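Chemist: Working from the sequences, and respecting the hints, build out all of it.
When you read off a place in the sequence shown, starting at 1, and then add 1417, the result is the number in our numbering.
Just so you know, the hints here were simulated from the structure itself, not pulled from any lab data.
Mixed in with the good hints there might be a few duds.
Subject to a maximum C-alpha distance of 35 Å in a straight line, what follows is the list of computed DSBU-like cross-link-like pairs (lysine-lysine) [claimed, not checked]: (1) LYS1946 <-> LYS2119; (2) LYS1659 <-> LYS1427; (3) LYS1426 <-> LYS1538; (4) LYS1519 <-> LYS1446; (5) LYS2301 <-> LYS1830; (6) LYS1570 <-> LYS1763; (7) LYS2262 <-> LYS1833; (8) LYS1815 <-> LYS2262.
Please read all numbers here as calculations on a predicted model, not as lab measurements.
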Amino acid sequence: MFCYLKNMKKSSAVECGRDIFWEEVRSQKTAWHIDVRRAVIKAVAAAREGEGAAAIHTWLQNSDYQKFLLRRPRELKNKEAKAEFAAKSDEEKLLAWADELKQELTAYVFSCYLFDENKSKKKRERKLKYCHVNGLVMLDIDHVDNPMQIWYKLREMKDLMARVALVHISCSGDGIRVIFTADIQQGNLADNQIEFAQAIGYQADGSCIDATRNSFTPKEEDILYINEDLLFDYYDETFDKKYTPLYRDKKTQPENHEAFSDAGARSRSKSKNSHAASKTAEQRADDDGSMADQEPLDTTWCGQAIQPICDHWSANRFKAGDTKPSRHDASVVLARDLYIMYDRDKRKARQVLVSQPWVQEIIRERDEDVDRTLSDAADYVAANEHENAKKGKAWLPKPSTEMMESIKAVTGKAYKELVGNEKGEVKSDSMDAQLEAWGEEIETLFPHFPLLKDVCAGLKRSEYPVAMFVAGGIGMTLMTRCWYRFYHRPQQERRLNCALIVIGHPGSNKSMADDIFSLLSSPIAAADKAGKNALNRYKRDRNKKAANKEGEDKPEGIIRLHPARTSNGQLIQDMLNAREMIEGKEIQLHMVTFDTELDNSITLQQGGSWINKQSMELKAFHNEKDGQMYQNQDSPVDEFHVTWNFIYTGTPIALKKKVTPQNFGSGLSTRLAVIPMPKTNFKMIAFEDVSAIDWQRLDRMKSWAYKLDSRFGELPFWELVKHLYDWTANRMADCAEDDSEANELMLKRVPYHALNYSAPFIDMRHWDQLHLDGNYWTGKYETDEIDWKLCELVARIQYATQQHFFGVMAEKYFDDMNNDVQITGKRHYQKSVNGYNQLPEVFTKEDVVKCFGYSNKNGASVKIQRLIDQHLIVDIQEGEDKGKYKKINQML
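Modeler: Written out as structure tokens, the structure is:
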């Protein structure tokens, strides 16, 4: 039970039922108000980021905004307010309109089920002295980069979720509301907010401790979770009897935690064993205000005077308006900004913070705990880094938008320009070392993925990546009756498509791919026998009966394995024949080609009836539609989706023939997974005794092959898809900062490869959760961090090998160069790679500043975090080098 107000200014606060709630949530008016508000805020932000008036031009011409400009001055009560509104910039007026759009939304008071009537006004006013609390608590977390991350964390916490009634994105789009039941043992509403927020790694907003705090209605698609029974029927009589009198007496502060003050400020209510607490407020102010006498104040930041920047920021923060901003809230934001700007140096951040006149005021007035504020700022940065690291995503701390605007206004330069752009492209001079490192990572996954250890048995660790990709390629072909959804056009069913080339010098053990393929493809080979026998009989009988002109229909048996020497007509005919109907769904099975000589397949495609299959190689990656309509009688007239997986092994010279400067723009290179074999380095292969053959391993591999061949249904990979989206977005930011279209091109298709090649291993890991339905295994399961670890490893390998083989050609392509390019030529390394190569094996932050040429430690910290996320360095946690960093891989 809770209340709502249809109109914040005019309506009474009355009980909200299910019908009313869903009517407002699903209202077109609600959706319009929220969508327009978000679009306006985004447009204003874009205008302030440098796009200028063009970003807001459309909204300035909006008819509803024009009506607002006419209406708002009439609503203001005095000349000063009207003059102030008239003096606002276009951006400020648009934001005022956006705020009005929010205020026009229906408001819910989730913590109260009733308000007594004000007899004089005959209205149930939303005031504390009239309230009745119901035991529901609203937690409001605003101004976060990705509110969905909070929800992803919360939904995994079963104890908390048992108390949750509603979770929705705020109407601004950058916050989240959680409505949950209070635990009276924890205390009042504020106590419960603090406990709940801490449990999910955030800090409660002190401005929301009032029981009458309202929340504006969300639109339906912003509701992430709802428990209607809790939301509409919950009532805690004990909580009501205990706390309603206290709230009516305006006792809203937490009972069992530190008190909030000054519209949401947290101050220490207890100061046990604190030397600072023993001082008077005046002494504290004197101490803080005289820091410059004890230690010289750092008056510069990135070579710029810091105080004019702070003055500009403060002037914007405290400019005259309808409400007076909280000075504590301002100090929290400024502390975060300074902590980030001064490269997490609390001492320097504190010096600048306490030198602000308005900060000294709140120190004198109420013993403001500046050290606590700075500690909270440090915790905020650390918590965000930790949460993003668990998702495989780097979080680069930046000051607030307001601070970056002040920096730009005062210095004439953007924040990024002053701190120095950090770059994060992955390259390598020694692929062998990287193959060994990837092999070590694969080895750690052996206990979790049944087939992975078996396919790598007997190989060198640096050959594990090739084995994993080859087994993944044939494994996904066996799973031809499966599909998944992707973040781009999720309505489409994405098939598991393989275009793999293993590259190595002659005698580099590429034949291991042949061994793996022969074992795992045995179910397809066995099924093909009937189709091949029927086709051969037809050809023999046709020759015998030709003289008698006796006709016979060509058999339509299924043949899926095709050698490189296959005519286009036969491949297309078999593709049309290879269709199955399963549970009313038609599945077109994959064709598959394996050839140990890439050069052979290229030569064969240059002539004869198998000429030029490259168009089908391109279309196979996304199963695009193709067709034929020839006049000869043997060619069927039909359309089809290209379902063709292929695995080739070959030499670097063959790869140069396959992907050339002339065909690079076709997109073939990014469709290919090209995995190199390591150098043999003059070492003999291991001697294998015939008595040591592990027949059980071979049987296990065949057994898994037959299981995968009988798999059907949609793969539950959506959580992995979301992880991959963040992973790709993180690296796309690198491309943007590098202004590298080449890297952007090589990155775009990496997520598909990551899902496709990891799919068989992940599915086998969860096989015990599948069930046999007729002839096929089907079912659902939940992927976890182990699955993501494999998927992310495949993504890193694919991205790195793309840069290794095609980096030079991609750069030349975008430079529009017409001269011939050697695929394995020297890459045009950027400053970031040269800087990394100059670093010693064990180094400090100062080394990073020196080697990368940063003017301060701010850019160095960002670079170090990115290098850690890319598995290139580690933070030394113990020993005499504790606090330093160590290289573990070479930059590709």
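Chemist: State for each hint whether it applies.
Modeler: Against the structure, the hints:
1. LYS1946 <-> LYS2119: holds, 17 Å
2. LYS1659 <-> LYS1427: Between LYS1659 and LYS1427 the Cα gap is close to 31 Å, so the pair holds against 35 Å.
3. LYS1426 <-> LYS1538: holds, 13 Å
4. LYS1519 <-> LYS1446: Satisfied, since the Cα-Cα distance of roughly 11 Å is no more than 35 Å.
5. LYS2301 <-> LYS1830: Holds, because 32 Å separates the two Cα atoms, which is no more than 35 Å.
6. LYS1570 <-> LYS1763: The hint holds at about 29 Å.
7. LYS2262 <-> LYS1833: holds, 19 Å
8. LYS1815 <-> LYS2262: With Cα atoms ~19 Å apart, LYS1815 and LYS2262 stay inside 35 Å; holds.
This entry satisfies every hint, going by the numbered hints stated previously.
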